[in-house]
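Undergrad: With the hints as extra help, turn the sequences into a complete structure.
Just so you know, the protein sequences line up as chains A and B, in that order. Everything in the first sequence is counted per my numbering, starting at 1 for the first residue and increasing by one. Everything in the second sequence is counted per my numbering, starting at 1 for the first residue and increasing by one.
Treat the hints as calculated values from the structure; they're not laboratory data. Just so you know, nobody snuck in bad clues.
In silico PhoX-like links for lysine-lysine, alpha-carbon gap of 25 Å or less:
no., chain 1, residue 1, chain 2, residue 2
1, B, 192, B, 231
2, B, 177, B, 231
3, A, 187, A, 231
4, A, 198, A, 187
5, B, 177, A, 192
6, A, 187, B, 184
7, A, 44, B, 192
8, B, 184, A, 192
On a predicted model such as this, the values are computed, not experimentally measured, just so you know.
Number of protein chains: 2
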Amino acid sequence: MSEELGIKRQADSGAGETIRPSTASAVDDLVANIRALISDQGLKVGDNLPTERELCERFQASRNTVREAMRILKAYGIVSVRPKVGATIIDDRMERALDLFAFNTLEVSRSTFSDIQGFRTLLEVASVEELFERITADDVADLQRANDEMADAGSAVEASEADFRFHTRLIEVLGNKAILDVYKIMKPVILKIMVRGKTRRTFSTATHAEHSAIIEALSTRDRIAYQYRMKCHLEAGFPHFDD
Amino acid sequence: MSEELGIKRQADSGAGETIRPSTASAVDDLVANIRALISDQGLKVGDNLPTERELCERFQASRNTVREAMRILKAYGIVSVRPKVGATIIDDRMERALDLFAFNTLEVSRSTFSDIQGFRTLLEVASVEELFERITADDVADLQRANDEMADAGSAVEASEADFRFHTRLIEVLGNKAILDVYKIMKPVILKIMVRGKTRRTFSTATHAEHSAIIEALSTRDRIAYQYRMKCHLEAGFPHFDD
DNA sequence: ACGCATCCATTTGTTGGACAAATGGATAGC
DNA sequence: GCTATCCATTTGTCCAACAAATGGATGCGT
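TA: Encoded structure:
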């Protein structure tokens, strides 16, 4: 009985388009077909997909089905759709990924906190060799600036933004785009961690002082001090997560 | 003229539902409204959203609009929709992210290769302290198994899968979900790197020997040897990327 | 009373058609 | 040659209908 599920959909196209049969929904099939279309025709960023109605004919689907498939591709950051212009291939996957994790960032559990800070320790403490090899006076000046902006911030949210900017700037020094991208993706969670258990006052005193000590270690090229200061700084939040 | 754009949509619901006015499309508004609904009502994983038709009434939108919005939430891995049951809140965002980057993985440039391997060096070499603190005999046995499966693999693709499994198993030892998730997201790129410049024979000889040396260092708890062997192993691919 | 197959109401999945809105390009007027 | 206007094309939204799936109710036999 269920073998007849997709008969209408996989009816021979006759037009020469290969339509992969499947047990999935028509929309999912369509997404797969459009992906295949992009690959097969070697479409690149900037190229346009066929119009919705062309896709309807080509893959024997209704326009609503095509539209739902396009919504998925849009959500994936693979195409940008504009009236009259049509669907243009883009590559916004990083931004989409950021959006993905920005959504409804659940309350941060102690285990999540522990994992994220462990990760950051690896990125910011264990990378000390590479960091000291690359860091310049300009980098240090930028860090100083971000730190001061944090102290001057008007609200805890603004302060945590500056706090995050400080750490991002540090990661930037490594000159590794993969690491920087991952760090940015974690931004929403890291911000939650930063805000938690901190008032505006904490940012402008304790956190600012910790950052200053880190900058000091960077200036004097004291690796041991840097590692110690950064490790303490990252662990400072632990007391606030004692569920 | 264009001020009248959303009049129908933002017409007072009267039913007490707050509908945020906007200049965005009806679908995007709906996504925002549903997100707000989830937040406001404190819906958790496992809870159900209202039915499509209820959402139509509640937010004064047509069912197609609601469905396109739901497609977006599904693409984000936030809900799972089943006939009769409805839309259940889930959290598959990590898996979605994986899908995101699995699509059409572009050719790996030397700079990307360098960044990814740098990242892996940080994760697999610089984490040595944590690693040695946690690793057990069972872990080592699993690593051994993955390594042997790689040698026995029938194709380069199978071998690289086993290769990746070896490294993933190592990361698992750290017991840090955030790091493991990120590693999994990078899988498509890492696989590309692994396959490149390696034949099946390379996997069963050179790569297998390198892994064995790493396992040996883990067994004898020789940190220096581990770091050296792993570093060399990760750098072994560099000659193949000389554009 | 219990297990089982059957039926039914509800919900999502897909289709077709219609009209509104946006917009790039053609056209007409100066 | 330049600008304003119009038009054809394409996406955006809505409506109505039916198909498919499925959880739960119903009824039956033992």
